[in-house]
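From first to last, the protein sequence lines stand for chains A and B. Per my numbering, the first sequence starts with residue 1, numbered consecutively. Per my numbering, the second sequence starts with residue 1001, numbered consecutively.
Since the hints were made in silico from the structure, they are not lab data. In this text, a Cβ means the ideal position worked out from N, Cα and C, and glycines have one as well. Treat the hints loosely; a few may be bogus.
Taking CB as the label site, the calculated pair distances span [to be verified]:
#	chain 1	residue 1	chain 2	residue 2	range
1	A	88	B	1001	41 to 47 angstroms
2	A	13	B	1042	37 to 43 angstroms
3	B	1067	A	61	31 to 37 angstroms
4	A	63	B	1022	31 to 37 angstroms
5	A	53	B	1008	35 to 41 angstroms
6	B	1077	A	62	43 to 49 angstroms
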Amino acid sequence: EAQVTQNPRYLITVTGKKLTVTCSQNMNHEYMSWYRQDPGLGLRQIYYSMNVEVTDKGDVPEGYKVSRKEKRNFPLILESPSPNQTSLYFCASRSSGLYEQYFGPGTRLTVT
Amino acid sequence: RKEVEQDPGPFNVPEGATVAFNCTYSNSASQSFFWYRQDCRKEPKLLMSVYSSGNEDGRFTAQLNRASQYISLLIRDSKLSDSATYLCVVNKAGNTGKLIFGQGTTLQVKP
């Protein structure tokens, strides 16, 4: 089954404790993105990657890192999480040249 | 001004009603337009692309007005299962592949 998977689905952590949210897709998509979704603000892009070893900042990259060492994986790293990073996070992928994005099920992160 | 603007609603309608949502975008060079559907606490999923000539998929009709820079979504004969948030999505002109999402319009269909 074609899908985007994210782990963990739910995470409660404390300020400053490094964490990684994994994202994996099995559709051989070139393009992958991370978004955060907050009430009243909609989906905002954090980082995106157009292919292996090619990443770029989205609209709200501060406090986040990403890597794309393999085509299928695009982890999101929070080196020192803060409470303002409490949010619902979505990973998405798509094929280059097509705009339909496939989203993962989301990761609900709470930073206390 | 936001790049993509939608009325957040909620729109509360009875079953069987026809409801329309509009969305405006700020960059006249945008080329691709979409409606996504998002159920509560779930991931967004593509509902339909929006073509210049307008397009229909069952009870759903999407229209694009380039002159006024807005797109619309019309839902006929609303079902309870149509209750969701509808996201207007526009590609960012000049940036390959970047999509800008509106904050969404919430629809509640009541029995």
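Indices of hints not satisfied (ascending): The structure conflicts with hints 1 and 2, although it agrees with all the remaining ones.
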